Each structure stands twice: as C-alpha cells, then as structure tokens.
Amino acid sequence: MNHTYIGKDMPIENAAAKAMGRLVYCGDMSLPHMAYMKLVLSPVAHGIVRAIHTEKAAAIPGVLAVLTPDNTPAITYDRGRVLANQQAPAQETIFSRHVRFAGDRIAAVVAETPAAALEAAALVEVQIDPLPAAFTPEDALTLEQPIHDKDSVITLPTASCGDFDEEVGELFTHQTSTQRITHVAMENHCALADYDPATRHMTIWTPTQSVFGVRSVVCTVLGLPMNRVRVIKTPMGGSFGCKQEMILEPLVACAAQMLGRPVMLQFDRREVMLCTVLKHPLASQVQAKIDAAHKVKGLRIDVTLDAGAYQSVSPDYAETMAKKFSWVYDIPSIEYRARSVCTNTPVSGSYRGWGGPEVALILENTMNAYAKKQGLDPIDFRLKNILPPFSQGKFISYNLGSLPFREALQAGRARFQWDARKQALASQDRDGRYLKGLGMALSTHTSGYFPRRLDWGRVILKMEEDGTVQINLCVHDHGCGEVTALKSIAAEELRLSPDEIELQEGDTAYNALDNGCYTSRSVYVLGKAVQEASQSLLKELYRYGACLLQAPPEALFHGGGQVFVREEPSRACTYSDIAYYCADHGAGALMIDHNHIPESNPGPVAAHFCQVEVDRLTGQCQVTDYLAVHDVGQAINPASCRSQVASALQQGMGFVFCEKIQLDEKTGRVKNADLQRYHVVRAAELPPLDILFIEQPDEKGPYGAKSLGEACALPVAPALVAAVNDALDMDLTQLPLSPEGILKALSERK
Amino acid sequence: MKLRFILNGQAIELEAPPEKRLIDLLREDLHLTGAKEGCGEGECGSCTVLLDDAAVHACLVLAGQIDGHSVTTIEGLGKDGDLDPLQTAFIENMAIQCGYCTPGMIMAARGLLLKNLDPSEAEIRNAISGNICRCAGYTQIIQAIQEAAKAYRKEAQL
Amino acid sequence: MNYAQPKELCQLKEILATWEGPCRFVAGCTDFLAQRNGKPWREENLISLTELQALRQLRAQEGALYIGALCTHGQIAAEDLIRSRLPALAAACEGVGSQQIRNRGTIGGSVANASPAGDMYPVLLLLDAQAMVLDAAGEERFLGIEQLILDKGGTALQNKQVLLGFRIPLPGPYGKSAFGKLGERRVVTIAKLSLAVSAHVQEGIMSGARVVLGAAAPKAFLVEEGAQALNGQPYARRFSCGLGEILSQIIQQRISGRASMPYKKEAVKGLAQDVLEKL
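Chains as they are written, first to last, in this note's numbering: chain A, 1 to 750; chain B, 1 to 158; chain C, 1 to 279.
Wrong hints could be hidden among the right ones.
Unchecked claim - With beta-carbon atoms standing in for the labels, derived distance ranges: (1) S177/A <-> Y3/C: 22 to 30 Å; (2) P43/A <-> M261/C: 28 to 36 Å; (3) S30/A <-> L83/B: 41 to 49 Å.
Claimed, not checked - Some residues of chain A that are not near chain C, with every Cβ distance over 12 Å (derived): (4) P32; (5) A121; (6) P132; (7) P137; (8) Q620.
Unchecked claim - Taking beta-carbon pairs under 8 Å as the criterion, some of the chain C residues facing chain B (in silico): (9) Y3; (10) L9; (11) Q11; (12) C29; (13) T30; (14) L33; (15) G38; (16) T50; (17) Q53; (18) Q57; (19) G97; (20) N103; (21) V187; (22) V188.
For the record, the hints were derived by calculation from the structure and aren't laboratory data. All figures in this text were calculated on a predicted structure; none of them were measured in a lab. Yeah, the Cβ is synthetic: ideal placement off N, Cα and C, and Gly gets one too.
Starting from the given sequences, assemble the full structure and let the hints guide the process.
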C-alpha cells in the first residue's frame, strides 16, 4: 500500500533545531535565581554514617544549603514505581545514613554556581563505620546481617507450565553469565525543579520516560498534592532505559522546596555510571530436554540477578523474564526459577529490552550450543522448533500475533548467503592466525503491556481554527522519532502534512495519566490511539462539512486540508472553514477525546545473522558482516527504524566484546567510571549493516505497525556469541568475550 | 584575564578566569549551549568545537588558551540565515536521532572538510571516531558527511 | 592563581627566573584537564606553553630532526619528513586518541605526563632521542630520553624545568622503523602493550636493530635479546626470528606478578607479527 507519509524516510521533526545546536535539553536550561546541586557520595561500599561535618562546605561563598539525612524526608520510596498503588520494594530514601554501595547518596550541596557546589561538596566530611560488604550474590547470601531489613533477597515463586520432569528427551545443560554495563546515553542525567512557596506549586523538568512516575514518587516523598506538582519532559539525549527510573527528581524537588527557588542537578559521566542504574549482572543455568527429532520438549531455567544495593525494579525484571522463554519455540514444559539478590554494588535496573536480551541470550546460547554439539545447522534447528503463527503465550495466555519466524529465518538465510558462507568457512585454514565464524539468533518481544496490566492511550486531538492540529498525548520520545511517527500517523489519516500537526511531549498538567514509555508501546498503543482519534476527528469534519457543503457525509472525501464532494471536487471547504463553522453552529470546539485500550500485543520477530573474524594471537574480534531481519508490521519511518537497529548492533557489540563496569574486588568501588576505561564500540569498528524489514501488517497496529525499539536489541548478543564460538570451536558463555578471556580459553584448551 | 578572540566570526572581548574550561566559558558565560559535556575527559566528542579551524574538545581547553585565536561553535555555522551544507545534509540524510552528539559530530566533520574536501569513507570514520553516537549507528552520518563534502567542493569551485 | 601564556622564549625564561613556588606547565591539556575532571583543582602557578611558536617547529639539521615540544600529534603524523624517515613516530602519533586529541595533544605534554601507557616515550627511546630541557637559570641542556623518564614513573624534571623539544638522529637511507599497539579496541584506545622496532636493512640483511616494549612495565624498555634475534637475519625472514617468543619470555620475567601478564605474554606474539609486517 502506498502512503504519503507512512513508510517514508523522514528526518525527525526537530532535526533542524538539533543540527543548529539550539534545542534546549534540561542541562541547557537557565531559570532566574537557579541554584546548582552537587551530591556527596559514599566512598565506602557498606557502612553506617556516624557523622557528617558540613561547616567547611557551608562556609564556601555561594553555598545556599547542605542537605543531609537529618534535614530531608526519611520516607522510603521506589525509584521504579509509576503508580503509587503499585507494589514495589521501596527501600530508598533521599539520603541515607546506612550507605549500601560506594556511590550511595549521603548528602548534597546547593550553591549559586556549579563551581561553588563542586568545591563545597568536596569539603563535606563524613565518618563511616564500615559494615561487612558483599559484592556478589553468592557472598551476599552468606552475610550475617542482610543489606536490608527485608527483601535483601527476593526469591520468585517458580513459574511453570507443563511438567519438565515428565518430558522425555536427552538432557542438555548450559549456562550463561553476563556483566554489569552502563547505557552510555550521550546526555548525562539532569533534573531541574522549581518550587514557588507563594503558590505552593512545584515544577520539575526532566528527560524522563514517565512524567507521571516522577510526579508519583515526588508526591510520596514530599507529601505534595498531585495537582500542584507539574512534571514536564524535556528533550532526551538518549536513554536505553537509564532515564525511566526516578532518581534525580526527588532530590531537586526536595532542595527546591527547601529553598523556594530553582535547583538544577546535572550529573557528570562518573555520577551517571555510579548513581543511576546499570544492567544486572546475571548468572543462569539451563537444563533442556530435547527429543530424538531435535524438538525441545522442556526447559528448566534458573536465574540469579544481582540487584545491586536496592531492589527497585529487579524483582519485576526477573519476573517478566519467565514468559519470554515461551514466546519463540514450541516448548510444552518450562520451569523458571529466579531470585534477585541485593549486593553492595551500584543499583541494577532498567535496560533496553527489560530482560528480553538476557532471555534471548540464555535461550539462544542454549539452542546454538546444542546445534553445534549435534552438528545441526542452527537455522534448521530453529525451524524444527518455532511456534506456529498466532500461537498463544504460555504463563499469560494471549495471542502472540503472526510470528513470522519461518519467513524471517528463510529470508535471512537467503539474503545472508548463509549456506555459501558456511561452505566457504568449512575450508578455512584452522591453523591460521584469523578464524572466521558464523552465528545467528532468533527472538521476539512485546508491543505494549497487554495483557499483563491495563494499557491505554488517552489522546486529545484538537483542530485549531486555522486548520492546524494539536495532539495532546503523553509521549516520551527518547530522541528516536516517536513524535515524528505519531505525527505521521495523524498526517496520513487527516491528509495534512506532518508540519501542520504539533505534538508536545509529556506534561502532567495537560496529559491524561499514562503508563510511560516502556515495553515499546509508543507506536502500537499510542500510535493506534492517534489513528483512531484522527478517524473520529474526520467523522466530525465530515459531519460539519456536510452541513457546509449541503451534501451527505457519504458523498464527501478529504485531502489537501479540505473536505470536498467526491463527484464535484470544486464543492469544497477547508478544515479552517469547518472549525469556524463548528465554533458558530456546532459543538463549539472541534476536539476529540479518545481512549484506546488495546486488546492485543503482537510479538515483533527478529532474526540476526553475522560473521566474525577472531585473531587467535591477540583475542580481538572483528564483526565483518551483519544482517538484521525485523518483523515491523509496517515501518512508519524506515530511516528511524534503521537507526534503531544500527544502535542496537553497536550496543550489542559492546555488551559482547568490550563493555564492562569493573569493580575493585576488595572495596567494591567502580574502577572505570569514565569513558576512557569503559570501552564503547567506535565508528571505525562497526561492520556494514544490512537490514531487511518484513512487513506483514498486524491487524490492530496503526497501519499494521508492531514495535522495534527494544526488539532489535534482543538477538544481537547471542548472534555474535554464536559466531565467535563457531570460529573458535568453543562454547564461551561468560560475557564479555574480552581479548583476555578468549586467549585464556584458547590456552586452557591447549 | 581579559580574553580577546574571534567567536563565530566576530571579534569579542570577555573577562574570565584563565583556568576555566572552554566548555564552561561557552555554556555559562556566552550562553552557547550547543556544545555539550558528555564526559569531561575528551572521550565522547559532544563538546567538539573548532579552535583555529581544527576540531578540539572544548572540555580540554583552558579559557586563557583561546586568547588571540578563533573559536567556532555549532551556532556559528551557516550564513545569512541559511544552514551550512553539513547541517542540511545531516537533516536530509536522517543522520540525527536524539541530537545530543550532533553539534559535536558536525563540528568534527567540519574540521575534516576544512582540511580535506574529498575524504574517503575510512577517513570519515577516522575523523569521527572521537565522537560517540549511541542512537544512530553512523551509516547515515557518514552519508551526510559525504553529501556535505560534495556541496563544499562545489562551493570551492565557484 | 598566577597564570601566564608566554609568546617568546625570553618571556618564558623571565618566568623561570622570577616566579616562586611550584610551577605547573601545560600544553594541549588533553591529559592535564582529563585527570582533573570532576574534581576542584588549584595550581599556585599555571603556565601555558601553547603560544610559544618557537616550540612548534620541526626542522632537520645536520643529520638530526629537532621536534619542538609543542608539536601536536596531528602535526607530527602529517609531516612528510617524519612519515618517510621516522615511520614509527608517525604511526605512534597517528594512533593517539581521536582526531580532536591529535589536534591538541603535544609530544612534550605526552612525555612530561610520563604515563606508562603513553605512546611517545617508547618510540623516542627506539629512536635514541635526546630531550632538550630549559632550567630555571635559563640554561638549555640535552638529556638522554632514558634519563628523562624515571623507572617508577614520572620525569626527572625539577620545578621550573621545561621540556623544549627533542633531538632525534635521522636514520640513513636504509633505516626502517615501525610501531604498533594493542588496546581494548582497535581505535581510540590506550595501549595495553606497545612495540617499536627499528633496523638497518642493507642488501636484504638487518643490522643495528632496536626493539622497545612499552606499556608492559611502568617504563618502556629496550629488549636486547629481541634486537639480537633480528641482527644479521634476512629482512624477508624477519617473521621467523622468534621475536614474538622472546618478547613473551621477557613479559613473563618482567611482570610475572601482574594480573595482565597471562594475556600480554600471548598477545605480544600477535603484536610482534603486526609490527614486523609494518617494518
């Protein structure tokens, strides 16, 4: 189907402002009398703060206040909780005398200038009585005094379907472990709060994935009414999950309330790496039962997540992983055990894919290792096991959608020339310095919350008197083009140019309550809401247009900002005419209030294929070829989609080869909280990336669209790991596959 | 210290501590917030500006060191209200996502094109290896720089 | 804080003669400011050398190359004379950081910073360079590069002594040199290991070889055994001289206790192959 805007490459709507350096991010903001905050962090991984001496700090010219556990609320809250009625571990306070990791918050200085705040913060003296500390889940389980009074260890009830013990098949065991990594969004976290004591109104500006989550936490902590706390989402310089938790906002809100003036907290890179959130280190064991026909009959999975110092979202993360094991292959019996263990390390939490990448890695590692052991082609092995289209999910029963696994595998196999490559690699010189390998992985994800929790998109679409449109919808664009996609959907329906449509991002003063930018719901849920609201608006335009044109609505058509009689196009009126007519003779305002509640959630399938080259002398790996096949339903803006996939590849390569937060074994301190020693993959190291979109429209998605943003992150790591293992004829299962690790494995084999 | 330098083509005078970092001078004193601080240690490139037409990290330059020199920031690109070909190319090639790396990336690219009007893909990748983009994956960025190079070459011929 | 930015050497000498207290000299600040990132810092006396055009000169004279301390890595890497006669130095400069770093970072700054992982010192040692130092009395003297860097780290420079530049004997027409480093990544990476090799190749036979191993120990050092393995051997068979093995042994001896040793002793063989390829 040929559309005007849908399916067309488009620059994101604020590209010009970004290219000019004029887009104002939170850290670029400046308010009159704005003060600056700097945190004082614990240098000790576990201890009780016996004394905090603030006199020297307070004496620095320009210092306005020093916040400590003694002059700030002691209310516990949870940084991951969006709605106040949600169950959450709630173990944190704004500042704490019981510090639980090196980087935990003890105090903060607020000053007139950033330099004064920096200088003063360095002069706050703390005395800490150390407590025994644990830096791994194994050690944490042996601590005499748990890290928290309760919920230091959360063991999930076993999730199961079928009966693993009853299944008949060969037992195959495998394990995978992953490391702590940081998101490296280019924009370091920032939040700005302003409290007006005269109106008792709090305003918070923050690049967040949930304005309502921020409001909810701030109101809990400060005891403020929600209708006088306004949270505004600022443009986001990347997130990948790191900006979905409420970390900086309660701090600045507290300071703003205390001082009655604006307070900004801008983290530097080190603070982002220590004090926000990192991906969970994870250890997993898998037992699989596979029958003689190579069908996987049962999976028993055991996962331990290192939650870091506070549980926050970790139990939820662990819990959602269960069902993700059942979405790809037709496995009758699955048993999933997991625990989330607190350690005295930086807090673990949200990362792109919410456990999906970990599940894909664990599952695909197992599949690839088994295929390798049995001499099976990995793609053929998958084809034997994939779920048929429109299967029901296990654990939570709902239709998983068209699941074009077969198409993705076959298209990818052909396009990547998998068989030809396999043949070529089979004759490579195995004594040579460089060894080449092939790998692939298959996965699927979500396009929203349904049916796990209620999901909805509440949108107000209003037509201004001049025929332009404003959309009021709680959107949190990461910078990846959500706003542009939503505008395109409205533009396509209304046959206006996207330029005639304006969409402001999340603002609790004007938006209806929203779940937040999670689980890749923006296009499938919010986009559908926009589409349906646009269609409702068209009905109104036709209704009033019929009056103006003296013709029945069925005889009308629309285009170019006009409604006209299909058979007599010269009988026309503009949207503006209709808006004024409505103001004089109709309902008054030309506005639609629409609530979309999805009852479906198609899994977007992804299949990745890659070839790598490993240097046996230095252990370094180069990715030479990469193909990503994605079931997007309908790419709303293919250029944005391609960028999403490319960024997932870069991040996945980092996850597999070189990214790792290093902890000092003795002190638990992070050794590399900076970009010199935390390595990300650079422009010169990326392979040429081929992308194939399979567009099988989903019945319920806007123009058939499913999701992509997180889905593309899932298969990267397992595809790369498989390729390295193929090259070396090994089964490396511990990430990262660093040069050191590879050489160590090679020398142990000798 | 009294700083006298050319900023985006205009001679200016400014009083500032010589040990202040250029990134802070730009953002705080001159209210030019296009250059961003992503790491403070010369690793991410989001603070890239031109110092005498060479790409440098503004987080690693002392304010005193710009005295007598010329500084160009993203805000200084384009003339007579038109965007620079690099800016246009970045927009039209969909090379911009979250935009945080964009000003630094464009300035690094400009530094390259001011020395080399016909860079190879490898030379482009090398020139931007000091700029981290986590959103877009570089393919479209490289295309944009190649397109801008063409426009620069055309202008040079005129 | 006292700040100065001398433009002429006579102004610099004036500062050295009259200023009191500890004096911190800075150039491109790519190390200086990166190290102070996020922390409040203060210097009693801060002197930027970046305006001293006299120290940005590169010139050949009487069989030697004089490189001013303020020459940037980018400037050195692009210099034709260096690319042709001292390829190891050009390669080392080309591989420092990113383009932005190479546009600012200087050879003098890198040497004075004396990081064990720095790329300049190993090459300067390979090339038997001498450092030119200016002292508080305004006297200039030469110091062998090996004496400038201390075994346990840091330089032999005293307060108010300034590195002016380097004097490198130019190899004859048969001189070859090469440099390579192994980092976490292939670009924009700090060296975990670096290797510099030079030799005279006349009538296909190598002589006068020098081998320097960097980033393994706190101070880069000459590997005599490596040089001996190359001397007298045909250039075409340089890969079979066992250089990699020798370097592996050296690493095992020199840094036996370090956690990085098992990796480095193996990886150095790959590095040796790569550097010999470039030679």
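How the hints compare with the structure:
Range check, S177/A to Y3/C: Cβ separation about 52 Å, and the 22 to 30 Å hint is violated. In this structure the hint that P43/A and M261/C lie 28 to 36 Å apart at CB holds, the actual value being about 30 Å. Take S30/A and L83/B: their Cβ atoms lie about 25 Å apart, and the range 41 to 49 Å is violated. Non-interface call for P32/A relative to chain C: holds, since the shortest CB-CB distance, roughly 26 Å, exceeds 12 Å.
For A121/A, the shortest C-beta to C-beta distance to chain C comes to about 9 Å, within the 12 Å cut-off, and the non-interface label is violated. Non-interface status of P132/A relative to chain C is upheld: no Cβ of that chain comes within 12 Å, the nearest being about 25 Å off. A cut-off of 12 Å between C-beta atoms confirms that P137/A is not in contact with chain C; the least separation is 23 Å. With 12 Å as the threshold on Cβ separation, the claim that Q620/A sits away from chain C is violated: the shortest Cβ distance comes to roughly 7 Å.
The restraint placing Y3/C at the interface with chain B holds, with a minimum CB-CB distance near 4 Å, inside the 8 Å limit. Interface hint at L9/C: violated, since its Cβ lies 18 Å from the closest Cβ of chain B, which is beyond the 8 Å cut-off. Proximity of Q11/C to chain B is violated relative to the hint, the smallest CB-CB distance being about 14 Å (cut-off 8 Å). The beta carbon of C29/C is positioned within 8 Å of a beta carbon in chain B (closest approach about 5 Å), and the interface hint is therefore held.
With its C-beta approaching chain B no nearer than about 5 Å, T30/C sits inside the 8 Å limit, and its interface hint holds. Hint status for L33/C: holds, given a least beta-carbon distance of 5 Å to chain B, under 8 Å. Here the hint on G38/C is kept, as its CB sits about 6 Å from the closest CB of chain B, short of 8 Å. The beta carbon of T50/C is positioned within 8 Å of a beta carbon in chain B (closest approach about 5 Å), and the interface hint is therefore held.
Evaluation of the Q53/C hint against chain B yields a violated restraint, the C-beta minimum of about 12 Å exceeding 8 Å. Checking Q57/C against chain B by beta carbon gives a least distance of about 17 Å; that is not within 8 Å, so the hint is violated. Because the smallest distance between the Cβ of G97/C and any Cβ of chain B comes to about 7 Å, under 8 Å, the interface hint for this residue holds. Below 8 Å, beta-carbon pairs count as interface contacts, and N103/C has one with chain B at about 4 Å; its hint therefore holds.
This hint holds: V187/C has a C-beta 5 Å from the nearest C-beta of chain B, less than the 8 Å allowed. Below 8 Å, beta-carbon pairs count as interface contacts, and V188/C has one with chain B at about 5 Å; its hint therefore holds.
This entry does not satisfy hints 1, 3, 5, 8, 10, 11, 17, 18, going by the numbered hints stated previously.
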